[in-house]
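These are the residues of each chain, in order.
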Amino acid sequence: MGLLDKQFSDSNIVVAKVDDLINWARLSSIWQLGFGLACCAIEMMAASASNYDFDRFGVMPRNTPRQADAIIISGTVTLKMALRIKRLYEQMPDPKYIISMGSCANCGGPYWDHGYHVLKGVDRVIPVDVYVPGCPPRPEALFEGLLKLQEKIRNESLRKKSA
Amino acid sequence: MKNPEEILELIKFNFPDLEVTIDASLPVESIISIDPLNIHLVAQFLKTNPELMFDSLMSLSGVDDANGEKTKDEEGTEIITGGTLSVYYHLHSTSLKHKITLKASTNREKPGIESVENIWKTADWHEREAYDMFGIIFLNHPDLRRILMPYDWDESYPLRKDYKNPEFYHGMKVPY
Numbered sequence: 001m002g003l004l005d006k007q008f009s010d011s012n013i014v015v016a017k018v019d020d021l022i023n024w025a026r027l028s029s030i031w032q033l034g035f036g037l038a039c040c041a042i043e044m045m046a047a048s049a050s051n052y053d054f055d056r057f058g059v060m061p062r063n064t065p066r067q068a069d070a071i072i073i074s075g076t077v078t079l080k081m082a083l084r085i086k087r088l089y090e091q092m093p094d095p096k097y098i099i100s101m102g103s104c105a106n107c108g109g110p111y112w113d114h115g116y117h118v119l120k121g122v123d124r125v126i127p128v129d130v131y132v133p134g135c136p137p138r139p140e141a142l143f144e145g146l147l148k149l150q151e152k153i154r155n156e157s158l159r160k161k162s163a
Numbered sequence: 001m002k003n004p005e006e007i008l009e010l011i012k013f014n015f016p017d018l019e020v021t022i023d024a025s026l027p028v029e030s031i032i033s034i035d036p037l038n039i040h041l042v043a044q045f046l047k048t049n050p051e052l053m054f055d056s057l058m059s060l061s062g063v064d065d066a067n068g069e070k071t072k073d074e075e076g077t078e079i080i081t082g083g084t085l086s087v088y089y090h091l092h093s094t095s096l097k098h099k100i101t102l103k104a105s106t107n108r109e110k111p112g113i114e115s116v117e118n119i120w121k122t123a124d125w126h127e128r129e130a131y132d133m134f135g136i137i138f139l140n141h142p143d144l145r146r147i148l149m150p151y152d153w154d155e156s157y158p159l160r161k162d163y164k165n166p167e168f169y170h171g172m173k174v175p176y
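These protein sequence lines are chains A and B, in that order.
Positions 1 to 163 (our numbering) are the ones given, in order, by the first sequence.
Positions 1 to 176 (our numbering) are the ones given, in order, by the second sequence.
Hints were generated in silico from the structure; no laboratory data involved.
Keep in mind it's a predicted model, so treat the numbers as computed, not measured.
C-beta: ideal position from N, C-alpha, C; glycine also.
Zero decoy hints are in this set.
Derived pair list, reagent style EDC-like, types lysine to aspartate or glutamate, alpha-carbon separation capped at 20 Å:
#: 1; chain 1: A; residue 1: K80; chain 2: B; residue 2: E129
#: 2; chain 1: A; residue 1: K80; chain 2: B; residue 2: D154
#: 3; chain 1: A; residue 1: K148; chain 2: A; residue 2: D19
#: 4; chain 1: B; residue 1: K173; chain 2: B; residue 2: E155
#: 5; chain 1: A; residue 1: K80; chain 2: B; residue 2: D152
Some but not every residue of chain B turned toward chain A, in silico, with C-beta under 10 Å:
#: 6; residue: W153
#: 7; residue: P158
#: 8; residue: Y163
#: 9; residue: G171
#: 10; residue: K173
#: 11; residue: Y176
Whenever a hint applies, use it, and build me the whole structure from the sequences.
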């Protein structure tokens, strides 16, 4: 019995485009860097916990940037921390994705005018894929952001990195 | 238990050369003003005297009094010259259950206040914070570095009333 005979009887061969297959693998197991900054991090942890269960989207925290696919910037980015975030980002292997969570990480939030120590938006140091508004966003809002990121990954191509 | 006036009398009796004043007109607790270069001697006395026993430094905070001469530069930002910076000490005695507030004011241009770190250990980080935010120099402090702002922050102190943010920090734009 050769391989060709079994092709249809056992149905264990899937035909797909390489792009689709790789994108499907990537978007189905986004391992986020275990990294939190402020009150948004509490919501992010709630999203990871059993009530909301981030793991159903394949997201789980990974405690080293070298094995992480995404980083969720969850909280106020101070100037002191911005240098460290940049360094963490540079340590992550490609392809890497960034979700900016909450008003502080998006644009400085309540610290936009008098926050002498706050970076007014994490996109001033690293490229952001998805912005999640809110102060802080509920876990459902973070899920929406993640689904948007998955949608973005689904449309990527090996020939051209779009994210 | 002693009230602020009685504590003031005790300080005056033991430090006859020192100029010590009390401001009792405030709606809050009375504040005793003490010379910044002798504050550590008074603090040591307040902690060890058996009638006072102030064993707990509840808080040490810096204040920019902004009472100097106010001028505007060509961009319209206010600059303060002269005046004072102050440090407030909130003391509590856990055994005798009384409280007192001390104040030490120093020159804003050349601020120097004796450290009380070797009397109350908790003053270590409090004084570093006051230095970080106001630029108050605590004399004889063992490790007077910035505590909240980055170590390589420029020579500016964010909670001073005439503070102006730098335009860039490590290539990152700071203003909105």
